[in-house]
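A.B. asks: Protein chains in written order, with our numbering: chain A, 6 to 172; chain B, 6 to 172; chain C, 6 to 172.
One or more of the hints may lead you astray.
Put simply, identical chains are the same to the list, so a pair is met inside one copy or across any two.
As the list claims (entries may be wrong) - Quick list of in silico lysine to any residue cross-link-like pairs, SDA-like style, CA-CA up to 20 Å:
{"id": "1", "residue 1": "172", "residue 2": "26"}
{"id": "2", "residue 1": "172", "residue 2": "158"}
{"id": "3", "residue 1": "82", "residue 2": "29"}
{"id": "4", "residue 1": "82", "residue 2": "59"}
{"id": "5", "residue 1": "170", "residue 2": "151"}
{"id": "6", "residue 1": "172", "residue 2": "55"}
{"id": "7", "residue 1": "172", "residue 2": "9"}
{"id": "8", "residue 1": "170", "residue 2": "9"}
{"id": "9", "residue 1": "172", "residue 2": "80"}
{"id": "10", "residue 1": "82", "residue 2": "34"}
{"id": "11", "residue 1": "172", "residue 2": "27"}
{"id": "12", "residue 1": "170", "residue 2": "158"}
{"id": "13", "residue 1": "82", "residue 2": "95"}
{"id": "14", "residue 1": "172", "residue 2": "159"}
{"id": "15", "residue 1": "172", "residue 2": "21"}
{"id": "16", "residue 1": "170", "residue 2": "155"}
{"id": "17", "residue 1": "82", "residue 2": "54"}
{"id": "18", "residue 1": "170", "residue 2": "159"}
{"id": "19", "residue 1": "172", "residue 2": "52"}
{"id": "20", "residue 1": "82", "residue 2": "21"}
{"id": "21", "residue 1": "82", "residue 2": "32"}
In case anyone wonders, no lab produced these hints; they're calculated from the structure.
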Amino acid sequence: MARIILVTGGARSGKSAIAESRTLGLGPEAVYIATAQAFDAEMEARIAAHQARRGPEWVTHQEPLALVSALDATDGKPRLVDCLTLWLTNLMLAGRDWQAAGRDLVAALPRQSAPVVLVTNEVGAGIVPDNRLARDFRDAAGVLNQWVAQAADEVILAVAGLPLKVK
Amino acid sequence: MARIILVTGGARSGKSAIAESRTLGLGPEAVYIATAQAFDAEMEARIAAHQARRGPEWVTHQEPLALVSALDATDGKPRLVDCLTLWLTNLMLAGRDWQAAGRDLVAALPRQSAPVVLVTNEVGAGIVPDNRLARDFRDAAGVLNQWVAQAADEVILAVAGLPLKVK
Amino acid sequence: MARIILVTGGARSGKSAIAESRTLGLGPEAVYIATAQAFDAEMEARIAAHQARRGPEWVTHQEPLALVSALDATDGKPRLVDCLTLWLTNLMLAGRDWQAAGRDLVAALPRQSAPVVLVTNEVGAGIVPDNRLARDFRDAAGVLNQWVAQAADEVILAVAGLPLKVK
Chain A
6 MARIILVTGG ARSGKSAIAE SRTLGLGPEA VYIATAQAFD AEMEARIAAH QARRGPEWVT
66 HQEPLALVSA LDATDGKPRL VDCLTLWLTN LMLAGRDWQA AGRDLVAALP RQSAPVVLVT
126 NEVGAGIVPD NRLARDFRDA AGVLNQWVAQ AADEVILAVA GLPLKVK
Chain B
6 MARIILVTGG ARSGKSAIAE SRTLGLGPEA VYIATAQAFD AEMEARIAAH QARRGPEWVT
66 HQEPLALVSA LDATDGKPRL VDCLTLWLTN LMLAGRDWQA AGRDLVAALP RQSAPVVLVT
126 NEVGAGIVPD NRLARDFRDA AGVLNQWVAQ AADEVILAVA GLPLKVK
Chain C
6 MARIILVTGG ARSGKSAIAE SRTLGLGPEA VYIATAQAFD AEMEARIAAH QARRGPEWVT
66 HQEPLALVSA LDATDGKPRL VDCLTLWLTN LMLAGRDWQA AGRDLVAALP RQSAPVVLVT
126 NEVGAGIVPD NRLARDFRDA AGVLNQWVAQ AADEVILAVA GLPLKVK
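Isolated chain A (complex conformation):
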């Protein structure tokens, strides 16, 4: 069973850069599995900024929903999944059963022969959101984070760009 690493943190906490560096430390070439979908110009700019930072050692796969298939199809090189929170958003917007998808992901991790580094977001440390949808989303994000952290060999909390070891 290959190494599974979860990197969590708030917005702009440096979690993607930490995860990229960890992934490249696991092999000379790596696969970037992007779950982001650009719905508007703001999102396009965020995706472009992330891509600009990555070098030619990365192959990029875009996969907003079928994350398990993408992992199984790219096994052999270290993979970076960025990020679980957008994946969850995509699942919910598409009306999918995110709990079933999350359980499938957790089941798929042990069968990978090459390492997987997953990025996720801390979204539950602010004031309780006013609207039900936001509360349900942050609950789901927290549960998904717990499931993947349980399955991971290593869990890192990004704080101001620095890694804090949690597991």
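Fit chains B and C to the supplied structure of chain A, relying on the hints for placement.
C.D. replies: For chains B and C alone, coordinates are given in the frame of chain A:
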């Protein structure tokens, strides 16, 4: 003086499960002091989900306001207070002096002969809330957390279901 | 090169008290560089509460924008900058180039002969804000935190009033 443990974390960070496991590690039977009040169906569902996870080794007390009396009345077995943030909400909604109540709580902890594990929420790590009430609440929650952390022997931050030792 | 310490944390996480204690540990007298501007009564009350806690060993400078000049002008005694997040807010409200200002700050830190302790806020661990301005602000705050953390010798995360060593 018995062991006092504070478990803090964001929403769905796994803090209740960590606190439950720590409490049961301190004695074969434990008392669950629930501060939650169900005002609506969503809240009822959250409370029911929490109760469903706990086993028969727990005796449950519901006490939205008189937390110190509940602690003094149940001394002898390990107690889990879940959670301080809802207690604070209840105090504020009832027009009570939360600072006086918080000081009473801190004064009551050293006289307990059996351990007390307290769960609380991190609510201050998001963007500054738009409305004054939410800002005042997160200030109060942060102050209460500091008071109890000061009085605790151990403070744990829950991150993705995992305990990070703070004190 | 003098010691540079960054103290980050959520609202009312005790970061200012930790930073004050660290600063006074670095010299018998210290300079408090306040970036806060009182726009309303609520803000005035927050500033007054902070000042009331500090003793006579502090000299206070108020500097909402020209932080680098304030640092250069006060070199010789330990300085506490409280806080970077308000400074960023001030820069943005004044229509300044916060990225250029942030780079100037990072460049100014190594030339200080006396220590600098900087307080900043975690604002990115809640749910994604509804409005663009808040999203841009939390992105900028996160980036600035990363820059200063990179330049710092020590980075501390305040949790419930307790310091958690990050770097």
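A.B. asks: Which numbered hints does this structure break?
C.D. replies: 6, 9, 13, 17 and 19
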